Amino acid sequence: MTRILILYFSRSGTTRAVAQALATRLGADIEELREPRARTGIAGYLRSAWEALKQRHVQLTPPTRRAEDYDLVLIGSPTWAGHLCAPVRSWLHTAKPDIRRYAGFVTQGGSGAEKVLAEMQTQLGTPPEATLILTAGQVNKGEIAPQIETFVQDLRL
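Just so we're aligned, residue 1 is where the sequence shown starts under the UniProt record's numbering, counting upward by one.
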């Protein structure tokens with residue numbers, strides 16, 4: 001049986017909702033990236049956009065699960081200013097050698113998710129096995145089951 005880890009970051013809760021739906025569907029372990037510094041309010045929003053635009057790395061609280069213990073890692077990121085979010089970028093930088101196979105899922109309020117997936121691929125040096133892009137509107141309305149099912153089928157587990 002394939003051991004799957006779902007690792008994600010979520011500031012607003014949208015990416016978290018997708019990660020939880022995937023974990024339920026796949027029976028996978030789930031880990032939310034955490035930071036010692038909060039991203040709340042307008043200041044947190046602006047800092048998030050700035051760090052994404054500048055492709056910054058940030059300090060993370062060490063995750064409890066290790067990518068090397070899994071056959072497949074599903075990596076989830078929100079789209080921030082058209083880019084990969086800084087917490088996921090930072091984790092990819094350190095975890096890259098430990099990731100055997102991966103797939104990416106991205107949430108977006110408007111556009112830019114394709115670029116986020118491209119940045120993820122650049123960070124890891126290989127294409128994802130599958131990708132999933134969902135809008136905040138789809139997630140908030142609960143209209144994600146068909147897309148999740150297609151994504152799961154694309155994983156060829």
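Simulated from the structure, these hints should not be mistaken for lab results. Mixed in with the good hints there might be a few duds.
[As the list claims (entries may be wrong)] Computed beta-carbon distance windows for the label pairs:
1) 97 to 46: 26 to 34 Å
2) 71 to 150: 29 to 37 Å
3) 153 to 126: 35 to 43 Å
4) 50 to 145: 32 to 40 Å
5) 45 to 25: 39 to 47 Å
6) 49 to 93: 26 to 34 Å
7) 143 to 56: 18 to 26 Å
8) 149 to 13: 32 to 40 Å
9) 71 to 40: 29 to 37 Å
10) 110 to 66: 33 to 41 Å
[What the hints assert, rightly or not] Think about it this way: if two alpha-carbon atoms lie no more than 27 Å apart in a straight line, the pair counts; the simulated DSSO-like pairs of lysine-lysine are:
11) 141 to 54
12) 141 to 115
13) 115 to 96
14) 141 to 96
In this text, all values refer to a predicted model and were calculated from it rather than measured experimentally. Cβ atoms here follow ideal geometry from the backbone N, Cα and C, with glycine treated the same way.
Status of the hints after comparison with the structure:
1. 97 to 46: 26 to 34 Å: With a Cβ separation near 33 Å, residue 97 and residue 46 satisfy 26 to 34 Å, so the hint holds.
2. 71 to 150: 29 to 37 Å: 21 Å Cβ-Cβ, so the 29 to 37 Å window is violated.
3. 153 to 126: 35 to 43 Å: Violated: the Cβ-Cβ distance is about 21 Å, outside 35 to 43 Å.
4. 50 to 145: 32 to 40 Å: holds, 35 Å
5. 45 to 25: 39 to 47 Å: Roughly 30 Å apart at Cβ, these two residues miss the hinted range, so it is violated.
6. 49 to 93: 26 to 34 Å: The hint (26 to 34 Å, Cβ to Cβ) is violated, given that residue 49 and residue 93 are roughly 20 Å apart.
7. 143 to 56: 18 to 26 Å: This hint is violated: roughly 33 Å between Cβ atoms.
8. 149 to 13: 32 to 40 Å: Hint violated: Cβ distance 22 Å, outside 32 to 40 Å.
9. 71 to 40: 29 to 37 Å: holds, 36 Å
10. 110 to 66: 33 to 41 Å: Check passed, 34 Å falls within 33 to 41 Å.
11. 141 to 54: Roughly 32 Å separates the two Cα atoms, so the pair is violated.
12. 141 to 115: This hinted pair holds, its Cα atoms lying about 24 Å apart.
13. 115 to 96: holds, 19 Å
14. 141 to 96: The hint is violated at about 34 Å.
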